[in-house]
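K.L.:
Next come the chains, spelled out residue by residue.
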Amino acid sequence: MNTATTQVARLLAMVPYLQARPGVPIAEVAEVFGVTKRQVLADLNVLWMCGLPGGLPDDLIEIDMDAAEGEGIVHLGNADYLSRPLRFTRDEAVSLVVALQAVSEMASGRLREAAESAASKLALVTGHHDPVLLAVDTGDEELREQLLSAIEAGRRVRLTYDGATRGETTTPVVDPAAIQMRDSAAYLQAWSVSRQAWRTYRLDRIAELAMTGETIEDHGQPPQLPEGWFDASDGAVTLLLTQSAAWVADYYPMLAIDERQDGHLMVRMAFSDPAWLESLLLRLGDQASVLDPFGAGASAARAAEEALALTALICGGLPD
Amino acid sequence: MARRKTERLVNLTILLLSSRRFVSREQIRATVEGYRGSSEEAFQRMFERDKDELRALGVPIETGSNDPLFSDEQGYRISRTDFELPPIEFTPDEATVLGLASTVWQQASMAEDTTHALAKLRAAGIEPDAGRLTALAPRLSAREEAFEPLWQAVVDRQVVQFGYRTADEVRTVEPWRLAWRNNSWYLVGHDRDRRAPRVFKLARMTGVPSTVGEPDAFDRPDEELISRHTTVLTSRVADLTALLAIRGARAPALRRRGAPAQAARPLPAGFHAYRVPFTSGYAAGEIASFGADVVVLEPETLRAEVVSHLRGVLRAHAPDRPEPQRNPA
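So the protein lines, in turn, are chains A and B.
The first sequence begins at 1 in this note's numbering and counts up one residue at a time.
The second sequence begins at 1001 in this note's numbering and counts up one residue at a time.
No lab work stands behind these hints: they were computed from the structure.
These numbers were taken from a predicted model, which means no experiment stands behind them.
A virtual CB, placed ideally from N, CA and C, is assigned to each residue, including glycine.
Honestly, I wouldn't trust all of these hints.
EDC-like, lysine to aspartate or glutamate: derived pairs with alpha carbons at most 16 Å apart [said to hold, decoys possible]:
1) A:K37 to A:E62
2) B:K1051 to B:D1067
3) A:K121 to B:D1093
4) A:K121 to B:E1089
5) A:K37 to A:E69
A few chain B positions that, by computed beta-carbon distances, are all more than 10 Å from chain A [unchecked claim]:
6) E1033
7) S1038
8) P1068
9) Y1076
10) L1098
11) T1115
12) Q1262
13) R1275
For reference, chain A alone in the conformation it holds in the complex (with noise of 0.2 Å):
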């Protein structure tokens, strides 16, 4: 869309918003429409040149630009003919009902419903459907509606909470603030009160919650999560894959992703915990060799040892 054709759309969806609000300050305006306040002003001078054909002063829509210029609010009047927004564009209505699936798969209980009836007006005015299917993995919805009672109440709770892939089970007494999500998972923001800091919990990890009937603590706003999975992480290493282990490129994020002549892949990924890089190579097995950095898979090696030893031990040996 060029220039023009942006303005225009803009300027229909302006004309009535404007008719419904006299006195509305510019700021508002900007912050609705996704504009500076100085394209608001541009725009409105526009529209005061915009009518019925006749030409006659009472064909324009009338506009009090010293109210704009001045006191930076909008007057617009004599519009009648536009007093309704145009229809959504295919565009339009998919964003907005895909952003509200988003919400419904976060949300729980009364949010829930309203995500899921909001969604099915606007499909049912527009016509249009999601093209988008979302899996966010938010856990328990239960779970996820208590905690977001106890945001809104001001509870402190204590967690179940089961640890990364090898980690073990705690159980953190925390004050909730926030339930974001990350990469297709959701995450609770909270303060941990044993470790006096922040602290981010996948939700789908969080087993159980209890009450423990104080109330919180003022610790300020949580810090904004990274954007990317991969600005949390620390480390990188590049493997060998045969074709049996490809499904690993699949399924994570990769940095790199190179296809060797005999089909083997060579990919370099980045991981910010090493138990998780322990778990992921004892996972393939002899599929995955390390590239770089050497000694890599070192850790698992001894881990396997161990894990063989520990058979034999319980199992009274190994068979061939």
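Given the structure of chain A, go ahead and fit chain B onto it with the hints provided.
P.N.:
Chain B only, in chain A's frame:
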């Protein structure tokens, strides 16, 4: 220049919208400020382009004649019913989630589309407000370059072509849906060459997908069929149950999936027995991934599989080390 064009397009829209009758080209040329005084040729060119651009915005310009007997007298108008957003009302809760929805997209062009949609709703008198929902922050984003062209193709139902996995493997696909799984975007669609539904990972596409042919080129199958193809990405059927020894509070994923059980043989201190369902073919790898925190007690065949899997880990990552002693005293 842009400013005069905007004026012209808005005035043309108002003219056609406020007239019940079809307005002829001549009337349009005589009435709309920007056309007046232009040569016939310049007017034709401008008018054709303006109509196309307004239609692209969703402005429904109709062509027709006021007099059925003189149908060669063509004119233009905009039907108010087709132009205006139909009446739509939202409850306060719905208005709140709409406000929250406007912050979901991190992807610039979808964020812009959502902003436009919300502005239209506000213009229709609705007040979306996420203010009281500070505790919730859903976000959608895509790092993959292929995302936006594919999104557009799915929305427009237009066939796409893209390199997949290797540079010379080209796929031609009717795109049905995009799916967000395991930290990645996937495309589900009908692969025209393979004549079957397929799932593609966006990050494995080489280069940016291009469209082939016209929009609205195919029908999407029903929801259920599409969902069936996407669930393949995540779900597996459990067809075997193993008796495991698990160390203390380790391997919570396995413990919660299974149930506590009795072991026939003595276990080292801190270990407990659990009966856990698995999918054969995946079980050995999954169990091995927990290292020395999980040992298979039964069935014996699975134990042998895990042992040979772990020996594979040793071969791959510590080729010089001797295997641990087979039969401890």
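K.L.:
Does Q1262 (chain B) sit more than 10 Å from chain A, CB to CB?
P.N.:
15 Å, holds
K.L.:
Against chain A, does R1275 (chain B) keep a CB gap of more than 10 Å to every residue?
P.N.:
16 Å, holds
K.L.:
Starting from K37 (chain A), check that the Cα of E62 (chain A) is at most 16 Å away, please.
P.N.:
Given pair K37 (chain A), E62 (chain A) is violated - Cα atoms ~19 Å apart, limit 16 Å.
K.L.:
So is Y1076 (chain B) really clear of chain A, every C-beta pair being over 10 Å apart?
P.N.:
14 Å, holds
K.L.:
Beyond 10 Å from every Cβ of chain A: is that where the Cβ of S1038 (chain B) lies?
P.N.:
16 Å, holds
K.L.:
Just to be careful, I want the Cα atoms of K121 (chain A) and D1093 (chain B) compared with a cutoff of 16 Å; is the pair within it?
P.N.:
13 Å, holds
K.L.:
Does the claim that L1098 (chain B) lies off the interface hold, with its Cβ farther than 10 Å from every Cβ of chain A?
P.N.:
6 Å, violated
K.L.:
Checking one constraint from the list: CA of K1051 (chain B) to CA of D1067 (chain B), max 16 Å. Satisfied?
P.N.:
22 Å, violated
K.L.:
Mind checking the alpha carbons of K121 (chain A) and E1089 (chain B) for me, to see if they're no more than 16 Å apart?
P.N.:
8 Å, holds
K.L.:
Examine each Cβ of chain A, and state whether all of them lie more than 10 Å from the Cβ of T1115 (chain B).
P.N.:
4 Å, violated
K.L.:
Is the nearest CB of chain A more than 10 Å from the CB of E1033 (chain B)?
P.N.:
8 Å, violated
K.L.:
K37 (chain A) and E69 (chain A): Cα distance at most 16 Å?
P.N.:
10 Å, holds
Figure legend: structure checked against the earlier numbered hints; hints not met, in rising order: 1, 2, 6, 10, 11.
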